[in-house]
Amino acid sequence: MLAERPASLLSPARLANSRLTRESIHSRWCGRRTIARRHQRPTPRVGCPGMNHFKQLALPTTLSDLLKARQVALRLIEDAHRSLQMAEDLLSQHGRYLKPYGAQLKEDLGKVRCELDSKMWRRAMDLTGFKQLMDTQEVGTFERSLEHSPPEFTEDNIRATFIDLQLRSTDMFRRGVFNVFRWLSKAYRTNEAEPFRIGEKVIMKSMVRPNLTGGLYIQYGMNDTASDQLNDIDRVMKTLDQQPFQPRSLESAMNAAFANLEVFEDSYYRAKAFKNSNLHLEFKRPDLLDKVNEQIAEHYAYGALPDARHAA
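Under the numbering used here, think of the first position of the sequence shown as 1, with each following residue one higher.
Rather than coming from a laboratory, the hints here were simulated on the basis of the structure. Any given hint could be a false lead.
To be verified - Straight-line distance between alpha carbons at most 30 angstroms, and here's what the computed DSBU-like set of lysine-lysine pairs gives:
no.: 1; residue 1: Lys-186; residue 2: Lys-201
no.: 2; residue 1: Lys-99; residue 2: Lys-111
no.: 3; residue 1: Lys-238; residue 2: Lys-131
no.: 4; residue 1: Lys-186; residue 2: Lys-275
no.: 5; residue 1: Lys-131; residue 2: Lys-275
no.: 6; residue 1: Lys-275; residue 2: Lys-201
no.: 7; residue 1: Lys-131; residue 2: Lys-119
no.: 8; residue 1: Lys-68; residue 2: Lys-106
no.: 9; residue 1: Lys-205; residue 2: Lys-272
no.: 10; residue 1: Lys-111; residue 2: Lys-205
no.: 11; residue 1: Lys-205; residue 2: Lys-275
no.: 12; residue 1: Lys-238; residue 2: Lys-272
no.: 13; residue 1: Lys-238; residue 2: Lys-186
no.: 14; residue 1: Lys-275; residue 2: Lys-238
no.: 15; residue 1: Lys-119; residue 2: Lys-68
no.: 16; residue 1: Lys-238; residue 2: Lys-119
no.: 17; residue 1: Lys-205; residue 2: Lys-119
no.: 18; residue 1: Lys-106; residue 2: Lys-205
no.: 19; residue 1: Lys-272; residue 2: Lys-131
no.: 20; residue 1: Lys-131; residue 2: Lys-111
no.: 21; residue 1: Lys-205; residue 2: Lys-186
no.: 22; residue 1: Lys-272; residue 2: Lys-284
no.: 23; residue 1: Lys-201; residue 2: Lys-272
no.: 24; residue 1: Lys-284; residue 2: Lys-186
no.: 25; residue 1: Lys-119; residue 2: Lys-106
no.: 26; residue 1: Lys-186; residue 2: Lys-99
no.: 27; residue 1: Lys-111; residue 2: Lys-201
no.: 28; residue 1: Lys-205; residue 2: Lys-238
no.: 29; residue 1: Lys-99; residue 2: Lys-131
no.: 30; residue 1: Lys-186; residue 2: Lys-111
no.: 31; residue 1: Lys-68; residue 2: Lys-111
no.: 32; residue 1: Lys-131; residue 2: Lys-205
These figures come from a predicted structure and were not determined experimentally.
Whenever a hint applies, use it, and build me the whole structure from the sequences.
This is the structure:
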């Protein structure tokens, strides 16, 4: 019996007899979107970061190949379980406890299948590029949907899930941009109902702490959001720039500089850490900052905001 699909993975779409490749998903999605545009407001100036990024990514393995690998792997695992059970039955005829401990069946096939399906969904999410469009909150929702009863990694579920994600990609990314940057704005903290904009320089509090050698590092841990917040900022900037995003790479690079109490700087950011736990972050790409503010404005359905380079 198929496991019930979590809400985050549900979709009414059932597309018959199509190859499960990024190209087929993209072409079908574009056709539906063209029709829908007749009844929607104009496309935002910033375009669709989700689609732009999705088209840029190289897909080394098709989802069909991943599905076939899962089917073959399950069959081999089931064969191995049967062989081990036969070995146990044979040895039990000659005495107790003759089967080696290393050959024991530690998990039943149901648990093995669930674990494999969880891994397959994570791999598929990475291959299609959707993971780069998700903020920490969205990733957490996705991960929770895989914890106990993940949907089977089947052809129908793959189609339904990724067509649904493609249809939601623009809104999902825009909401993530809002979630990432809202806490950097004093205007948002004083009036959440009104649109806000992000300037070139922001002060991020409770971001760093001292290390054992006298330097500083970005806070991380179960109860710390500093690391995730910084990771999300970098994810948004790289996605808007249509560049691949390497999780935690910015955090790692900053830690290398802050360990020696140095200022961090690359082509996107300039950052200085302080012993009072504050992080002063400067955005060096005004063009990307404009796109961030356009995404925030679209989230409020308000329209384009003034040039972010003149924000206070």
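Results of checking the hints against the structure:
Taken as a hint, the Lys-186 and Lys-201 pair is honoured in the structure, with Cα atoms around 12 angstroms apart against an allowance of 30 angstroms. Between Lys-99 and Lys-111 the alpha-carbon distance is near 22 angstroms, which keeps this suggested pair within the 30 angstroms criterion. The hinted pair formed by Lys-238 and Lys-131 meets the criterion: a straight-line CA distance of about 13 angstroms does not exceed 30 angstroms. Distance restraint check for Lys-186 and Lys-275: the Cα-Cα separation of roughly 22 angstroms lies within the 30 angstroms cut-off, and the hinted pair is therefore satisfied.
Pair hint Lys-131 plus Lys-275 does not hold up; C-alpha atoms about 34 angstroms apart against a cutoff of 30 angstroms. Proposed proximity of Lys-275 and Lys-201 is supported: the alpha carbons are some 19 angstroms apart, at most 30 angstroms. Taken as a hint, the Lys-131 and Lys-119 pair is honoured in the structure, with Cα atoms around 14 angstroms apart against an allowance of 30 angstroms. Straight-line distance between C-alpha atoms of Lys-68 and Lys-106 comes to about 25 angstroms, which keeps the hinted pair within the 30 angstroms bound.
For the suggested pair Lys-205 and Lys-272, the alpha carbons sit about 12 angstroms apart, so the restraint of at most 30 angstroms is met. Distance hint between Lys-111 and Lys-205 is unfulfilled; the C-alpha atoms sit about 43 angstroms from each other, more than 30 angstroms. The suggested pairing of Lys-205 with Lys-275 holds, with an alpha-carbon distance near 11 angstroms, which does not exceed 30 angstroms. A hinted pair counts as satisfied when its Cα atoms are at most 30 angstroms apart, and Lys-238 with Lys-272 qualifies at roughly 21 angstroms.
Proposed proximity of Lys-238 and Lys-186 is supported: the alpha carbons are some 24 angstroms apart, at most 30 angstroms. With a C-alpha separation of about 28 angstroms, the suggested pairing of Lys-275 with Lys-238 holds against the 30 angstroms cut-off. Restraint check for Lys-119 and Lys-68: the C-alpha separation of about 14 angstroms stays at or below 30 angstroms, so the hint holds. Between Lys-238 and Lys-119 the alpha-carbon distance is near 25 angstroms, which keeps this suggested pair within the 30 angstroms criterion.
A threshold of 30 angstroms between alpha carbons decides the hint, and for Lys-205 with Lys-119 the separation of about 36 angstroms lies outside it, so the pair is violated. At roughly 47 angstroms between alpha-carbon atoms, Lys-106 and Lys-205 are farther apart than 30 angstroms, so this suggested pair is violated. Among the hinted pairs, Lys-272 with Lys-131 is consistent with the structure: their alpha-carbon atoms are about 29 angstroms apart, no more than 30 angstroms. Our distance criterion of 30 angstroms between C-alpha atoms is met by Lys-131 and Lys-111, whose separation comes to about 25 angstroms.
Using a Cα cut-off of 30 angstroms, the hinted pair Lys-205 and Lys-186 holds, with the two alpha carbons roughly 12 angstroms apart. Taken as a hint, the Lys-272 and Lys-284 pair is honoured in the structure, with Cα atoms around 14 angstroms apart against an allowance of 30 angstroms. Taken as a hint, the Lys-201 and Lys-272 pair is honoured in the structure, with Cα atoms around 11 angstroms apart against an allowance of 30 angstroms. With a CA separation close to 20 angstroms, the supplied pair Lys-284 and Lys-186 stays within the 30 angstroms bound.
About 19 angstroms separates the Cα atoms of Lys-119 and Lys-106, which keeps this hinted pair within 30 angstroms; it holds. Restraint check for Lys-186 and Lys-99: not satisfied, since their Cα atoms lie roughly 67 angstroms apart, outside the 30 angstroms limit. For a cut-off of 30 angstroms, the pair hint linking Lys-111 to Lys-201 is broken: about 49 angstroms separates their Cα positions. The suggested pairing of Lys-205 with Lys-238 holds, with an alpha-carbon distance near 23 angstroms, which does not exceed 30 angstroms.
A hinted pair counts as satisfied when its Cα atoms are at most 30 angstroms apart, and Lys-99 with Lys-131 does not qualify at roughly 44 angstroms. Distance check on the hinted pair: Lys-186 and Lys-111 sit about 48 angstroms apart at the alpha-carbon level, beyond 30 angstroms; violated. Annotation: proposed proximity of Lys-68 to Lys-111 holds, straight-line Cα distance about 20 angstroms (limit 30 angstroms). Straight-line distance between C-alpha atoms of Lys-131 and Lys-205 comes to about 27 angstroms, which keeps the hinted pair within the 30 angstroms bound.
This entry does not satisfy hints 5, 10, 17, 18, 26, 27, 29, 30, going by the numbered hints stated previously.
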